[in-house]
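Asks: Protein sequences, first through last, are from chains X and D.
The first sequence runs 32 to 144 under this note's numbering.
The second sequence runs 7 to 120 under this note's numbering.
Incorrect hints may have been included.
[What the hints assert, rightly or not] No farther apart than 30 Å at their CA atoms in a straight line, the calculated lysine-lysine pairs in the DSS-like style are these:
| no. | chain 1 | residue 1 | chain 2 | residue 2 |
| --- | --- | --- | --- | --- |
| 1 | X | 101 | D | 42 |
| 2 | D | 58 | D | 28 |
| 3 | D | 25 | D | 58 |
| 4 | D | 47 | X | 57 |
| 5 | X | 57 | X | 136 |
| 6 | X | 101 | X | 57 |
| 7 | D | 47 | D | 24 |
| 8 | D | 47 | X | 101 |
| 9 | D | 24 | D | 46 |
| 10 | D | 28 | X | 136 |
| 11 | X | 87 | X | 136 |
| 12 | X | 136 | D | 25 |
| 13 | D | 24 | X | 57 |
| 14 | X | 100 | X | 136 |
| 15 | X | 57 | D | 25 |
| 16 | X | 100 | D | 58 |
| 17 | X | 87 | D | 28 |
| 18 | D | 25 | D | 42 |
Just so you know, these hints were derived from the structure itself, not from any lab.
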Amino acid sequence: SQQGEEDPQALSIQEGENATMNCSYKTSINNLQWYRQNSGRGLVHLILIRSNEREKHSGRLRVTLDTSKKSSSLLITASRAADTASYFCATDAGGGSNYKLTFGKGTLLTVNP
Amino acid sequence: ETGVTQTPRHLVMGMTNKKSLKCEQHLGHNAMYWYKQSAKKPLELMFVYNFKEQTENNSVPSRFSPECPNSSHLFLHLHTLQPEDSALYLCASTTRVTANQPQHFGDGTRLSIL
Numbered sequence: 032s033q034q035g036e037e038d039p040q041a042l043s044i045q046e047g048e049n050a051t052m053n054c055s056y057k058t059s060i061n062n063l064q065w066y067r068q069n070s071g072r073g074l075v076h077l078i079l080i081r082s083n084e085r086e087k088h089s090g091r092l093r094v095t096l097d098t099s100k101k102s103s104s105l106l107i108t109a110s111r112a113a114d115t116a117s118y119f120c121a122t123d124a125g126g127g128s129n130y131k132l133t134f135g136k137g138t139l140l141t142v143n144p
Numbered sequence: 007e008t009g010v011t012q013t014p015r016h017l018v019m020g021m022t023n024k025k026s027l028k029c030e031q032h033l034g035h036n037a038m039y040w041y042k043q044s045a046k047k048p049l050e051l052m053f054v055y056n057f058k059e060q061t062e063n064n065s066v067p068s069r070f071s072p073e074c075p076n077s078s079h080l081f082l083h084l085h086t087l088q089p090e091d092s093a094l095y096l097c098a099s100t101t102r103v104t105a106n107q108p109q110h111f112g113d114g115t116r117l118s119i120l
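Between the sequences and the hints, there should be enough to build the whole structure, so can you do that?
Replies: Structure representation (structure tokens):
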């Protein structure tokens, strides 16, 4: 069954606003990763957060992880039109297959100028 | 430029054709992956190679045949495909097959089966 699920499926905001996307998963993980995909392109790794971390920052990105709720959030502050893309969370399978990533269906973010 | 190059970017083929997708990484990585991305579905892992050895075949139909001649190159040989195989095929690489590794993706091959 699907491990990570993003919410909402689509999000439309104005430039300068903050965007928050959520990810829920079902089983224990070693780490959770967020990726971005621009239309017609491959996925680009944004940030990795380990299961023993609660929050991580990278530039305008802030990721939180709550292992008790099996959920993560990605916050993009002061959004720009160039942030328009699909955003995916990915979790590892744990155990002996911890290199296998399971991706959600993604959140399509549209930032209007 | 992600360091992972996929060719061709677009491919249209009939169900009886044979074609190959190519992936090359210039990152010095030792693990390479094939994924399938279909509309409105999550990314599906197909195959994993670690130091040229296949470590994962995610129940992929035999009409898809991977080949990894060295750690820098990965191929996906296609034959007798079905319309439902139309999708974006993505290649990715990591330093090695282990947890806590960001994956580096190519821009994919958009495959259309007539």
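Asks: Which hints from the list above does the structure break, by number from lowest to highest?
Replies: The structure conflicts with hints 13, 15, 16 and 17, although it agrees with all the remaining ones.
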